[in-house]
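Colleague: Sequence:
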Amino acid sequence: MAKLDEIAELLTEEIRSFGSWVEQLKELLKNIDDLRFEPETPGMEQLLNNHHSKLKVITEAQNSALNEIIANIKKSRWTPKWEVVIIYVVMLSNIIAFSYFGYHFIKFERQKEAAYLRGREESMIKARAYFDDHPIILKDYQKWLRKQDSTINQK
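To convert, note that position 98 of the sequence shown is 106 in my numbering; the numbers rise steadily by one, no gaps.
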């Protein structure tokens, strides 16, 4: 039982000390309620205004740099002007050269065809004159032609 009395005594001491702590806490809370805390905003407002003005300056600098970059991009070209001029000159010279050679090729083909027709006409005239001078050869030629026609028709 002595132990039980000892434990009871300790508990009552603890309850008393707890009660005194509660009383001290009540007094401290009253002191805190009596204090009125009002923050000073002019200093913070000045800091915010300074920060805002610095941000404004930075934003304006970035906008001007961006506008300058956009202007440079608009002025830029994929190829330089001299290269474009050279490309146009080469294309124009190719067109002229192909037109010239095409014209002469067509002219040459027409001349070749005209020469062929003239040669054919001359050979026909010479063949007629020859056959008129040699009627026996004409008869042999006509036989040969009939023979040729018959072999072609059989195929």
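Since the hints were made in silico from the structure, they are not lab data.
Given the structure is predicted, the values throughout are model-derived calculations rather than measurements.
Each residue gets a CB set at the ideal place from its N, CA and C atoms; glycine is no exception.
It cannot be assumed that every hint is accurate.
[Claimed, not checked] Below, in silico cross-link-like pairs of lysine-lysine (DSBU-like), each with a Cα-Cα straight-line distance of 30 Å or less:
hint, residue 1, residue 2
1, Lys89, Lys62
2, Lys82, Lys64
3, Lys83, Lys64
4, Lys151, Lys134
5, Lys147, Lys134
6, Lys134, Lys120
[To be verified] Okay, the calculated beta carbon distance ranges per label pair:
hint, residue 1, residue 2, range
7, Leu74, Ile114, 57 to 65 Å
8, Ile78, Gln54, 48 to 56 Å
9, Leu153, Ala122, 23 to 31 Å
10, Val65, Glu35, 48 to 56 Å
11, Ser84, Gly110, 36 to 44 Å
12, Val93, Arg128, 47 to 55 Å
Colleague: Any hints this thing doesn't respect? Which numbers, in order?
Modeller: Failing hints, ascending: 1, 8.
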